[in-house]
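Chemist: Given only the sequences and the hints, what does the whole structure look like? Please build it.
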Amino acid sequence: MKKTILVCCGPGCIAYGGLDVAASFREQIATLKMDVKLETVIKQTGCHGFCSRGPLVRIMPDDITYYRVKPRDTEEILKSLDNKPVGRLLYHGVGGNILKQQETPFYSAQKKLALRNVGEIDPKNINDYKARGGYEALRKALTMEPEDIIAEIEKSGLRGRGGAGFPTGLKWRIAAEYDNFPKYVIMNGDEGDPGAFMDRALMEGDPHGVLEGVIICALAVGATKGYLYIRDEYALSLQSMKDALADAEKAGFLGDSILGSGRSLHIEVVRGGGAFVCGESTALIESIEGSIGEPRATFAYPTEQGLWNKPTIINNVETFINIPLIIDEGGAKFAETGTPTSKGTKVFSLAGKVRNSGLVEAPMGMTMRKIIFEIGGGIVGNRHFKAVQTGGPSGGALPESLLDLPIDFDTLVRYGSMMGSGGMIVMDDWTCMVAVAKYNIEFLAKESCGACVPCREGLRALSMILTRICEGKGEPVDLEIIKSICELLTQTSRCGLGKTAANPVMSTLKYFPEEYEEHIKEKRCRAGVCSMGRSTVVTDSADMAAIVAMAEAARKVSYGVQSKDKTGAES
Amino acid sequence: MNIVIDGKTCEARPGEYLWDTARRNGIDIPALCRHDALPGRGCCRLCIVENENAVGSRSVIVSCVFPVTEGLKIHTRSEKIIRFRRILLKLLIERAPQAEGVLLDYCREYGVAGNGELFNDNTNEKCILCNRCSRACQELGNSAIQVTQRGIDKIVASPFNEPSPDCIGCAACARVCPTGAIACTDTREQRTIWNKTFEMVKCAECGKPFATAEELEWMKPKILDFESNLAYCPRCRGRHVANSAMV
Ligand SMILES: Cc1cc2nc3c(=O)[nH]c(=O)nc-3n(C[C@H](O)[C@H](O)[C@H](O)COP(=O)(O)O)c2cc1C
Ligand code: SF4
Ligand code: FES
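Chain order of the listed sequences is A and B. Just so it is clear: in the first sequence, position 386 is 386 by our numbering, and no numbers are missing. Basically our numbering = 1-based index in the second sequence + 1000.
Do not rely on the hints blindly, as some may be mistaken.
[To be verified] Here are the simulated SDA-like pairs of lysine to any residue, each with C-alpha atoms no more than 20 Å apart in a straight line: (1) A:Lys483 x B:Arg1083; (2) B:Lys1126 x B:Gln1146; (3) A:Lys446 x B:Leu1118; (4) A:Lys483 x B:Arg1086; (5) A:Lys225 x A:Lys242; (6) A:Lys225 x A:Asp243; (7) A:Lys225 x A:Gly260; (8) B:Lys1080 x A:Glu487; (9) A:Lys124 x A:Asp247; (10) A:Lys446 x B:Gln1149; (11) B:Lys1080 x B:Tyr1110; (12) B:Lys1154 x A:Glu286; (13) B:Lys1080 x A:Ser484; (14) B:Lys1196 x B:Leu1216.
[As the list claims (entries may be wrong)] Examples of chain B residues toward chain A, derived with CB under 10 Å: (15) Cys1043; (16) Ser1059; (17) Ile1087; (18) Asp1121.
[Said to hold, decoys possible] Derived coverage of chain A by chain B (criterion: at least 3 residues anywhere in the stretch with Cβ under 8 Å from a Cβ of chain B; other residues may be distant): (19) 293-299; (20) 451-460.
FYI, nobody ran anything at the bench for these hints, they're computed from the structure. All values reported here derive from a predicted model rather than from experimental measurement. The C-beta atom is built at its ideal place from N, Cα and C for all residues, glycine as well.
Modeler: This is the structure:
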């Protein structure tokens, strides 16, 4: 039987030499004159999500996965194809070597719905997608009444994956009811959270899956024009979605009269405005209209007065990719996974001080302990877990005592954090929580659009006070000032950025009050991160900036290698 | 339709913003970024009020951009609102310690003083970034000054801080500024504003300088009988028009 070798060329694997491994395979196959199909899989998941063990090589149909493969290993792998697998390159589990990727602890606890095709198909090939049932949901949707499509989405319990968790079906229903045309559908691919790259993984790994969701949405609400708003630096995502649009149009899934149905939809790709706040839905609309990307001050929702003041649906990339699945298999099936109020799965980008970092898709309701210690393999360097920051910079830091909380939209909010786009940064006991709060506030102050006073001046004040505390110049009254500014921010800011910006401060104050006390009263930083006004710092870089820089590196890797990506087309 | 503000039943017009309803009913809500001639922008948040729903729970809303609906129950001076307004004023006066005008009046009314304890960056700032000036300029169709940069670096400036070719020296921006932040120096002969100096035109009747030449040029296409009208300052113009109507 003909074998296929999949070499992962996602950002993580490329960083570890994935391209060299692919090249070496190609050479060896030529010298050994073997009848083997070689595929370089360009995915942005960082090696099937498991980037810390890259480069990954997968042999199909045997489904054997090798880790940390070097060019010098390729000959041995090729020669082993019809014999025993190369033991030393396999995953070493507790009970011996593990052949199948799905059986390693990193994967077995995961549930791939959104990422169902990522890494399994060639994203540039529409036929690959179709072979896995792609665009069947669209065919089905064309036979359904818009009302029934929406009912199915409502039944699924799907909530928006872009941050706030608004029920998707309800959003569509509201927009569908307005008798005001034309209507618009917008895909939010701005992905501004530092270190998050799940949307990118989807746009680059399964562009047609995302697109099919967008088309079905347009059919349901009666939109005839769509925009894919994609973060400016994501050159590969931009290209991938543009190619998908062209191929889908050629195949009749888009354009005038979709599959001869008489229903039309035209979609354009728009480059993002390049600021974190441009991901906010009304700022994004302003940005598409050509104005500066500032959130709108009005109280009207985009579902009523969105783009050009017409009814508009904005959904996140990950929200959209769940749609074909729901139409295919039914809303009830989708709702079997998850918690009573949050259905399905969520893709997290696990980063920081965990052994296995990467993209992880877990059913809603999984505990943070399971994600961090089972899938993530625990804390690096035998240190102790201290906190996990969920929801990006405007989320909160949760302590060890809350590790057994089931993760869903409402639970996280109840404990002072949020789901956000699914960032999850793990911190060990060498981390200073005051410095973490300061880092996040500085990020938000820099990214605030600056239109409204509580956010612009409030964040500036918070950042100054926190800096003072970290320099050993804090006073007890500072904590009172911090709290009142936080309350102001939450209740009077114009948009979600300001409204959630207090989370990183309030959560650290709530769960780690002793660290603030020590900084202020004893002029001491237990983690040794803050200078406290002294000239020397005692520890390694356990601070947030370094952790986030690491996570950012993962998503930036492929920016540098775009020119080399052509290898991905080869097979 | 009717709404209740601070216990008083008020008549409200559909399509109206809450702030305007309150004012028409004799209830003043403080405002810095709102201006009658300019669409509200919801920047300063000073006009916040509390909205009480049917079950008695309250949320903070921004009255200058909040469209009224039947049956609202509003509190404009609750303990929380006063507390929030004081923090907002504190943030503003600390940001712009040299501010004059309305901001100072509000600070006095709410018992807020700036003493440089919040931001330890000594500044001569007067601007609170309410956007009134840039909106006024935009409304007039010139857009010579804009709010540029993002977040805490935001400033109002002419493009690249150079004298703007679009500026006609009308000083509308300086007039709408609530803190006296826009430097505009007038002499009998010249006006200097936004790094640009203009020659002043004197009234044909009273001889007072009343506009820049560029401003009059800009007004020309908008006024029918400009030759006779634009020679006079607004005061004399009125008299002149009245006189010519009599003969
Ligand atoms: C400051 C800010 C940044 C945001 N950035 C993003 C983003 O990058 N991507 C995204 O999908 N949603 C982002 N959102 C959420 C959007 O406003 C919006 O809620 C979302 O796109 C709706 O889609 P959903 O219902 O599918 O989640 C952001 C919100 C705020 C307040
Ligand atoms: S809350 Fe912040 S980001 Fe949002 S409008 Fe106000 S200043 Fe801009
Ligand atoms: S007057 Fe309403 S926000 Fe400024």
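Chemist: Compare the structure with each hint and give your call.
Modeler: Structure-based check of all given hints:
1. A:Lys483 x B:Arg1083: Measuring from Cα to Cα gives roughly 13 Å; hence the hint holds.
2. B:Lys1126 x B:Gln1146: Holds: B:Lys1126 and B:Gln1146 sit about 17 Å apart, inside 20 Å.
3. A:Lys446 x B:Leu1118: holds (18 Å)
4. A:Lys483 x B:Arg1086: holds (14 Å)
5. A:Lys225 x A:Lys242: Holds: A:Lys225 and A:Lys242 sit about 15 Å apart, inside 20 Å.
6. A:Lys225 x A:Asp243: holds (18 Å)
7. A:Lys225 x A:Gly260: holds (18 Å)
8. B:Lys1080 x A:Glu487: With a Cα-Cα distance of about 10 Å, the restraint between B:Lys1080 and A:Glu487 holds, given a limit of 20 Å.
9. A:Lys124 x A:Asp247: Since the Cα atoms of A:Lys124 and A:Asp247 sit roughly 9 Å apart, the hinted pair holds (cutoff 20 Å).
10. A:Lys446 x B:Gln1149: holds (10 Å)
11. B:Lys1080 x B:Tyr1110: holds (13 Å)
12. B:Lys1154 x A:Glu286: holds (18 Å)
13. B:Lys1080 x A:Ser484: Distance of about 11 Å is within 20 Å: holds.
14. B:Lys1196 x B:Leu1216: Roughly 17 Å between the alpha carbons, so the hint for B:Lys1196 and B:Leu1216 holds.
15. Cys1043: B:Cys1043 check passes; min Cβ-Cβ to chain A is 5 Å, inside 10 Å.
16. Ser1059: holds (8 Å)
17. Ile1087: holds (5 Å)
18. Asp1121: holds (8 Å)
19. 293-299: As far as the stretch 293-299 of chain A goes, the hint holds, because 3 residues have Cβ atoms under 8 Å from chain B.
20. 451-460: holds (count 9)
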